[in-house]
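As they're listed, the protein sequences go chains V and R.
For the first sequence, position 83 matches number 83 in my numbering, and the numbering has no gaps at all.
For the second sequence, position 70 matches number 70 in my numbering, and the numbering has no gaps at all.
Because the hints were derived from the structure by calculation, they are not lab data.
A couple of the hints might just be wrong.
Simulated restraints on C-beta separations [what the hints assert, rightly or not]: (1) 139/V / 76/R: 50 to 56 Å; (2) 66/V / 49/R: 37 to 43 Å; (3) 42/R / 150/V: 38 to 44 Å; (4) 76/R / 136/V: 50 to 56 Å; (5) 68/R / 66/V: 21 to 27 Å; (6) 109/V / 51/R: 30 to 36 Å; (7) 23/R / 40/V: 40 to 46 Å.
Chain R side only, calculated, beta carbon under 8 Å to chain V, not exhaustive [stated by the list, open to error]: (8) 10; (9) 11; (10) 15; (11) 61; (12) 80; (13) 81; (14) 84; (15) 89; (16) 91.
Cβ atoms here follow ideal geometry from the backbone N, Cα and C, with glycine treated the same way.
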Amino acid sequence: MTRTDTTLHAHRRAFDHSRLPPVLRLPAPVLGQLVRLARQGHPHEVCGLLVGVLGDETIRVERISRARNLAIERLADRYILDPDDFLAADLAARRDDLDIVGIWHTHPDHPALPSETDLEAAWESYTYLILSVRRDGVTDIKAWQLDEGDFVETSVEELES
Amino acid sequence: MSKATIRVPTPLRPLTGGAAEIDVEAGTVGEALQVLERRHEGVLDRVLDGEGKVRGFVNIYLGERNVRSLGGLDAPLPESGVISIVPAVAGGAR
């Protein structure tokens, strides 16, 4: 099990733990799947949903879904997640007593930091996982949560399950 | 009147007391949402604009179809239907 650096990047204030659990747990196979999808999608942004359980202490991701990116005119630096794919993932999740707990997307040739575009469209209660990807692979993965209008980084744990 | 279940996405659950699904009886999708608002005041502000139209950053589905393709909120409910509030998700590196 490893834990990423928990330094706050975008906004240097403490995370309010009363709002969302501060740790996102990703099983190693799920993380591997994300890395493959990110690399295959480069140089386009690819996106999807994090499906799992929102617990008191952690957010555990059980699986991910891939969604279509409808931002067809700006695939290199924008994504619009197809709402039909959101609905399908949500229906499947609830059949398994799971929930949509967040969104993942890639930043091709850009850092894994949320942009102003990410901030404008963000929802409270979701965790946003951003993968920075270059042609030869993923270089960084960071998770973010919206807290009173700002993104705050949260830690990611890889579970060797 | 038909029975419908309204699915509430995670970001709106603080407004529904944490409930993920709300059962209602109504004739149309719009009426079902009004029932939701009567039970959980304030939730509809996040879904509809001042003119009562679905906000651009939200999608409303009846079953597996976006209500925009069904004539909007006046779409009649089947005998037993599922209404899903789906948040619009977007962003990007720049």
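Hints and how they fare:
For the hinted restraint 50 to 56 Å between residue 139/V and residue 76/R, the CB-CB distance of approximately 51 Å keeps it satisfied. One distance hint, 37 to 43 Å for the beta-carbon pair residue 66/V and residue 49/R, is violated here, with the actual separation near 31 Å. At roughly 23 Å, the beta-carbon separation of residue 42/R and residue 150/V lies outside the given 38 to 44 Å, and the hint is violated. Taking 50 to 56 Å as the suggested C-beta distance range, the pair residue 76/R and residue 136/V conforms, at roughly 54 Å.
Restraint check, residue 68/R to residue 66/V: a C-beta distance of roughly 24 Å satisfies the suggested window 21 to 27 Å. Remark: the range hint 30 to 36 Å for residue 109/V to residue 51/R is contradicted by a beta-carbon distance near 41 Å. Residue 23/R and residue 40/V have their C-beta atoms about 42 Å apart, which keeps the hinted 40 to 46 Å range intact. Below 8 Å, beta-carbon pairs count as interface contacts, and residue 10/R has one with chain V at about 4 Å; its hint therefore holds.
This hint holds: residue 11/R has a C-beta 4 Å from the nearest C-beta of chain V, less than the 8 Å allowed. Restraint check, residue 15/R versus chain V: the minimum CB separation of about 11 Å is more than 8 Å; hint violated. About 5 Å separates the beta-carbon of residue 61/R from the nearest beta-carbon of chain V, less than 8 Å, and the hint is met. With a least beta-carbon distance of about 15 Å to chain V, the hint placing residue 80/R at the interface is violated under the 8 Å criterion.
With a least beta-carbon distance of about 13 Å to chain V, the hint placing residue 81/R at the interface is violated under the 8 Å criterion. Against a cut-off of 8 Å between C-beta atoms, the interface hint on residue 84/R holds, since the closest Cβ of chain V lies about 6 Å away. Checking residue 89/R against chain V by beta carbon gives a least distance of about 4 Å; that is within 8 Å, so the hint holds. The beta carbon of residue 91/R is positioned within 8 Å of a beta carbon in chain V (closest approach about 4 Å), and the interface hint is therefore held.
Checked against the numbered hints listed earlier, the structure breaks hints 2, 3, 6, 10, 12, 13; every other hint is satisfied.
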